[in-house]
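This is what each chain is made of:
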Amino acid sequence: MIAYALKRLVLLGFILFGITLLTFGLMHMAPGDPAFTIAEGRYGTDLTPEQVEQVRAEEGFDDGWWVQYQKWVSHLLELDMGRSLVTYKSVTSEIAARIPYTFVLAFTASIITFATSIPLGIASAVRKGRRQDVAVRVLSLVAASMPNFWLGLLLIWVFAVVLGVLPSFGAGGVAHLILPAFTLGISMAAINTRLVRSAMIEVLSQEYIATARMKGLDDWTIISRHGLKNALLPVLTFAGLQLGFLLGGAVVVETVFSWPGIGKLLVDSIMVKDFSMIQGCVLVIGATFAIVNIGVDLAYAAIDPRIRWDVDA
Amino acid sequence: MHDRKLKKRFLGSPTALVASGMLMVMAFMVMAAPLITSYDPLDVDLKDRLSLPGPEHLLGTDELGRDLFARVLYGGQNTLLIALTVAFMAFAIGTTMGLLSGYYGGVLDMTLMRFVDIMLAFPHIILALVIAGLMGPGLENLILALTLTHWPAYVRMARSGTLQVKEMTFVEAARSMRFSNLWIIRRHVLPNVSDSLMVMLAMDLANVIIIASALSFLGLGIQPPTPEWGSMLRAGVPYLTTSPLLTFVPGAFIFLTVVSINLLGDWLRDVLDPHSHEIEAVVA
Amino acid sequence: MSLLEVEGLSVSFPSSDGLVRANDGVSFTIAPGETFGIVGETGCGKTVLGRALLRLLPDSAMYTGRAAFRGKDILSMKEDELKELRGRGIAMVMQNPTLSLNPLMRVVDQVAEAYVLQGMDWKVARGEAGRKLYHVGIPRDRVRDYPHQFSGGMKQRVMIAIALALNPGLLIADEPTKGLDGEARENILRLLGSIRDHEGRGTMLITHDLRAAAGLCDRLAVMYAGELVEIGSTLDVIGEPRHPYTRALLGSRPESGFEDLPGEGPPLTALPRGCRFCPRCAWRQEDCVTGRPEMVEAEDRQVRCPVVMRP
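Chains as they are written, first to last, in this note's numbering: chain A, 3 to 315; chain B, 652 to 935; chain C, 279 to 589.
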């Protein structure tokens with residue numbers, strides 16, 4: 003277990019290194035002269051070439067990329083991601099202010115996802131081929147095929163415009179959270195229901211389920227004690243993908259609902275070409291994604307006793 | 652799977668028939684837009700803004716008095732063009748790289764796979780969003796950004812299939828008989844991985860449509876006044892209270908296309924790849 | 279009264295190749311305390327028979343005939359009656375212990391579950407389970423292990439412990455030695471011999487291993503292509519086999535089971551009209567291919583072959 007965990011952590015280190023390289027590289031591959039952009043932000047549009055050169059020297063754009071990268075990473079290790087090119091605010095504190103919003107949204111959406119997809123997926127698997135199963139499959143297909151920005155707008159129309167019961171944008175009380183969380187949750191639940199269903203179908207055909215039936219256990223005990231854990235294991239392997247879906251979906255949903263999370267910050271920064279803010283957002287999202295993914299691997303190993311023995315896997 | 656058997660299974664499946672029928676109707680309407688509507692999607696008529704559906708305008712008009720029906724048909728041309736180009740380019744690049752990487756192995760394989768690992772370490776849409784944002788809006792940039800972020804998934808799939816086939820006796824035999832490597836890849840490896848790749852391509856097409864229109868919706872795709880489903884939705888948002896059709900209609904077109912492709916993809920997977928665990932195909 | 283009475287039991291399933299007739303007109307009885315063996319080649323339908331008696335087959339299975347446990351017909355039982363039958367009535371040592379044990383549950387819990395079903399609380403049940411596992415040869419310090427930490431033979435012991443813990447009226451052991459190598463196989467056979475209960479519990483041993491069956495069973499039934507072809511006391515069947523199939527089996531080095539018999543049984547989807555063993559039979563007569571032979575009973579022996587039973 004310890005050897006396995008260490009291996010995962012080494013991999014995490016490698017991926018985090020890759021993420022910094024890619025993020026750094028992306029910004030330097032961007033068209034246009036970053037010195038010019040920064041200078042424009044500082045001194046307005048009437049720029050003299052001297053001002054641009056001054057910024058270039060100050061920001062160290064004349065150094066080789068490796069020197070720049072090292073400098074960037076050393077700042078990063080002190081949690082200093084520079085200043086916004088547009089607002090001059092600290093990127094770190096701006097992102098830190100947004101993270102709680104994204105976290106609350108993602109967390110609520112995940113709860114909605116699990117609360118719907120696990121029971122629906124199981125019910126569908128247990129009644130495979132019958133009416134309930136067909137209904138669940140149609141429903142999940144429809145929900146999975148809806149672009150989440152469209153779903154969000156439909157929900158706004160119904161609940162904010164027609165019924166007028168929920169706010170359609172911004173953050174505030176719990177009411178503001180409901181529509182964005184459901185938009186994100188419904189899309190995820192659609193995929194997750196299909197995952198749970200097919201995993202459960204596979205598990206129910208296993209011999210150890212026949213053993214459980216042979217013992218004379220009732221259906222509920224068979225599913226909850228012998229089926230569920232085994233079925234959720236393969237679902238867990240897709241948790242990484244799900245998380246990617248969650249973070250990617252958050253970018254879109256936050257924009258639709260003007261929810262002030264990191265996704266909205268990213269989109270807004272892209273619109274105004276605030277490179278240092280974009281860099282910060284991508285880095286934080288990428289690192290979160292990588293860290294949670296490794297966390298999922300470790301959780302998997304903790305749940306499945308078999309993993310501990312084949313360390314090389 | 653033989654073509655004839657595939658055809659027979661296809662004709663025997665109501666789901667496949669309905670889904671492909673829907674897709675064909677949709678594709679026809681989009682492709683033959685000039686035959687179906689006489690309106691120019693760019694024709695502004697400020698005297699007739701935000702009108703309701705009626706005999707004059709089938710689905711009404713938008714905020715600049717342009718015919719919504721014409722715009723959604725012509726808009727589909729752009730959306731489908733982007734999606735098809737991205738899916739096929741990513742498929743072609745990814746498959747080629749995956750086949751070569753898996754077949755030859757070595758340092759090339761190592762390097763490529765680590766690169767793929769890092770690319771896949773980002774949520775897909777976020778990477779595409781950033782690249783498209785850095786390159787600036789526009790059709791070509793959108794296609795490029797989506798393709799750049801999309802091919803690594805195909806590399807993984809093609810590579811793992813290649814590694815399995817590589818160890819099989821007929822490939823070993825062909826190698827010992829000194830057939831050229833490229834010939835072996837084309838004759839033996841590719842046919843053995845193509846079924847699962849086709850399934851992935853079908854599933855992926857739906858995915859690309861959603862991501863491409865999401866980027867356009869966020870303002871990074873085709874710029875106004877050119878119609879495109881995602882950007883039409885974006886333009887319709889301010890009028891959600893008064894003219895909800897401006898957002899309903901393009902969204903419904905995206906939805907119907909994606910549902911049909913997903914249905915067809917599910918069916919294709921059941922037929923071509925019955926042994927694949929359903930769970931893997933769901934998220935492919 | 280017999281413990282188990284099976285009368286003309288037929289089981290079939292629809293499949294893409296047509297109807298699979300896995301069991302056809304199977305009749306036998308098992309008395310309390312008796313050990314009864316069903317022997318036959320792989321794919322002859324003997325596992326289906328065992329599972330049919332617990333109604334563990336897929337919903338698509340179709341049954342005709344009668345199978346009564348302690349006088350109650352199994353085939354017409356409702357869900358709640360089946361819950362009573364399974365475990366307490368009939369328990370089974372499942373084929374392939376590797377697949378039949380829950381990989382995510384400690385073995386002691388999988389045994390303890392049987393006691394919990396009988397009304398114990400988990401703590402007491404785990405204690406009982408530990409004792410039962412020790413009884414079948416699992417060391418005390420291994421009971422909290424997971425199945426994958428055990429060898430095939432040990433997993434089979436756990437499976438046997440589960441079945442015994444259920445305290446059934448009839449214990450079915452489905453191919454308990456399949457996939458085990460020499461020593462592990464001997465140990466399992468010895469264990470099965472030691473747990474026989476000559477007073478109350480009946481045992482039904484399903485196996486392809488004729489020698490194992492001969493060593494453990496009071497009576498034997500030989501199965502071929504879904505039907506029983508010979509039933510009699512072990513001594514009679516082994517000592518003086520009547521049916522050509524039984525003879526062929528015994529002639530084909532019983533040490534290694536049935537693997538050496540040339541040819542193979544007919545597919546259960548396309549059974550011949552006449553005698554099913556006819557194509558492989560050394561005693562074949564012209565009229566064997568026309569009508570299906572009936573079971574003929576003589577001197578406590580039943581044989582499904584008119585040729586060898588002719589006086």
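Each hint should be verified, as a subset may be incorrect.
[To be verified] Below, a list of computed lysine-lysine pairs in the DSS-like style, where the Cα atoms sit at most 27 Å apart: (1) K91(A) / K275(A); (2) K275(A) / K73(A); (3) K361(C) / K231(A); (4) K130(A) / K361(C); (5) K130(A) / K817(B); (6) K231(A) / K401(C); (7) K350(C) / K401(C); (8) K361(C) / K350(C); (9) K9(A) / K231(A); (10) K130(A) / K275(A); (11) K91(A) / K73(A); (12) K130(A) / K356(C).
If you're looking for bench data, these hints aren't it; they were derived computationally from the structure.
Here is how each hint holds up against the structure:
1. Restraint check for K91(A) and K275(A): the C-alpha separation of about 15 Å stays at or below 27 Å, so the hint holds.
2. Of the pairs offered as hints, the one joining K275(A) and K73(A) holds, with about 22 Å between alpha carbons and a cut-off of 27 Å not exceeded.
3. Between K361(C) and K231(A) the CA atoms are separated by roughly 23 Å; this keeps the pair inside 27 Å, and the hint holds.
4. For the hint pairing K130(A) with K361(C), the CA-to-CA distance comes to about 22 Å; that is within 27 Å, so the pair holds.
5. Proposed proximity of K130(A) and K817(B) is contradicted: the alpha carbons are some 37 Å apart, above 27 Å.
6. At roughly 22 Å between alpha-carbon atoms, K231(A) and K401(C) fall within 27 Å of each other, so this suggested pair holds.
7. A hinted pair counts as satisfied when its Cα atoms are at most 27 Å apart, and K350(C) with K401(C) does not qualify at roughly 34 Å.
8. Distance restraint check for K361(C) and K350(C): the Cα-Cα separation of roughly 14 Å lies within the 27 Å cut-off, and the hinted pair is therefore satisfied.
9. Distance hint between K9(A) and K231(A) is fulfilled; the C-alpha atoms sit about 25 Å from each other, no more than 27 Å.
10. In summary, the hint linking K130(A) to K275(A) is not supported, as the alpha carbons are separated by about 51 Å, beyond the 27 Å threshold.
11. Among the hinted pairs, K91(A) with K73(A) is consistent with the structure: their alpha-carbon atoms are about 20 Å apart, no more than 27 Å.
12. Restraint check for K130(A) and K356(C): the C-alpha separation of about 20 Å stays at or below 27 Å, so the hint holds.
The earlier numbered hints that this structure contradicts are 5, 7 and 10.
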